[in-house]
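Sequences listed follow chains E and S, in order. So for the first sequence, our numbering puts the first residue at 1; every next one is plus one. So for the second sequence, our numbering puts the first residue at 1001; every next one is plus one.
These are computed hints drawn from the structure, not numbers from a lab. For glycine and all other residues, C-beta sits at the position ideal for the given N, C-alpha and C. Please note that a few of the clues may not be correct.
[Claimed, not checked] One side only, chain S facing chain E, incomplete, derived with CB under 8 angstroms: (1) 1069; (2) 1139; (3) 1151; (4) 1235; (5) 1266; (6) 1268; (7) 1276.
Listed below, chain by chain, are the residues.
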Amino acid sequence: MLRFFATRLAQLVLVVLAVTLLCYWMLNLLPGNPCVAAFGGAATEEQIAECERDRNLDDPVIVQWAKWGGDVLSGDFGKSYLTGRSFGEAITTALPRSLLLLAYSQILALGAAIPLGLWSGYKQNSLGDKIISGGAFGLLSIPVFVLGLVLILVFAVRLDWFDLSGYQPISEGLVAHFRVMFLPSVALAAGLLPVYLRLLRTDVIGTLREDFVGTAQAKGLPVRHVLLRHVLRPSSFTLMTIFGIQAAQAVNGAIVVEFMFDLDGVGSLLVAWVAAREFLLVQTLVAVIAVVFVTVTTIVDLLYAVLDPRVRRR
Amino acid sequence: MTQMTDAVTAVAVITGAEPEAPMRRQGRNLVLWLSAGWLVLVIMISVLAPWLGFLDDPYEPLVGPPEQGPSWSHWFGTDQLGRDMFARSVWGGRLSLAIAAPAVGIGIVVGGVLGVLAGYFGRWVDLAVSSLVNVALALPALVFALFIVTILGQTYLNVIIAVTILTIPAIARIARAQALRFAAREFVTVAHMMGAKWPRLLFREVVPNVVPALASIAFLAMGIVIIAEGSLSFIGMSVGSPSITWGNILSAGKGRLEDAPHIALITGGVMFVTLMALNFVGDEMLRRLDVREARI
């Protein structure tokens, strides 16, 4: 277990080093002086000189990168030269929103996929299974921005059940919070649900053929008990395995969804900074996303080890 | 082995084609032909768009009253400026396909070569390719696509570069799994015992068996690239204006949902049907070729 953890930690560090170095190298490909660009073309000589000193622009790329890494580790994430707003300030508002959005969508997706997947695997080839599987296939083909538009039209514009007024924190009350967060979470969950459902269904069909399931059924245990207690756990390994990749997909979706619903999360921050040509901030943000992301998948890996004792022994 | 090395690719997930298909063979055949027919139609119209006489100029304002719903003279209605939405959808699809097709083509060639080399030669080649693929797969692709487009600029070529990079790791992974599977098969061993050298083994025995899987993956990858490009253009980061893409039609239509929902909904519907057709054809090909490794 300790070794498993150490390997994952080493992977985490390697990924972050590789990603940030790559970003630095690509940024270096940009024609012109990033410090001139950082001020939107309206900077004084001193400002540019200060920025150049800050960013160590006279050093080779690899040294710049190392110094930047040192700054970040000591808590200096840089700031926008255009607005003067610090990176830390922006990220502390944005990150919780994005993490909540991702968490809600995973809860919704798993909450729907687990019962539907168990049931359609159990009732394989029944009419219900066909409808569920067909629906999942359709859902898989709807881009998140198309589904989001339909949700907005039906539930926010026509029925007026939900708000599109931008983010409301939980402190404003749960109702206000979910009136804003529910639709984006559903839009995001819709992309995850069919993947989870199809994998679970396939694995459930496999598990149902095992002897121990037959034994449980022969003992006269109720179907629900057999499915939840005996079938679900051994059928969920593939689901856990792909969770990391799906989380990557979810982050892609979150960028679009946050943009669409004006949530001002990390994705919106990224898009805004990219549009404003704040490359120095974009670079740090990409590094932060990579770190958070790899950390989350590492935690999931550990959960995987809890679910499947075979992983622990290795 | 850890989750990251076991990771399923985004493409592979979609190919969760289980042997116990939820639909009967006849039904699947019908849907397969419908899907193929739709794809042929979309491709034909997209390719021939400049020569289709009945198509309005997609940039010409006030060919009809603004924000009018679908009608006989404007099948998909008109937008805020009174431009013909059918023409705009066609030209948007044309650009989306013109980005997706080369991206998938390059992705298949580069990813296929990397994957086959890794799967066939193993050892350090495999280690190098696999590590690269795993790192790439474990990161949110759109973030990097955005970064690439910003740095290089919002041109047609750069968008292709950004979305191509996104397809390579997934395709390499599947090609590797296929190459591994076939490299261990008896006919390859026999050819080896008969004295065949590695180029022959690779190109005459292994590669021909990997190609069908890659061809089916191409359909699925096409869908993923269309979504990726759509996401980029939806947030305004694909090919710059005044180019028309499906994504920017939807983005513009978002603001008019209340009064003129047809602008976003019809184009969104066309996109959805196209993606579903791509997924169905790819899925069905994988099922028929029995490519199970695609979802390991």
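Going down the list of hints, with the structure as the test:
1. 1069: Since the shortest Cβ distance to chain E is 14 angstroms, the answer is violated.
2. 1139: Holds - the Cβ of residue 1139 of chain S comes within 8 angstroms of chain E, reaching about 6 angstroms at its closest.
3. 1151: holds, 5 angstroms
4. 1235: Since chain E brings a Cβ to about 5 angstroms from residue 1235 of chain S, closer than 8 angstroms, the hint holds.
5. 1266: Violated - the Cβ of residue 1266 of chain S stays beyond 8 angstroms from chain E, reaching only about 11 angstroms at its closest.
6. 1268: With a minimum Cβ separation of about 4 angstroms from chain E (threshold 8 angstroms), the hint on residue 1268 of chain S holds.
7. 1276: holds, 4 angstroms
In this structure, the earlier hints numbered 1, 5 are contradicted, and the remaining ones agree with it.
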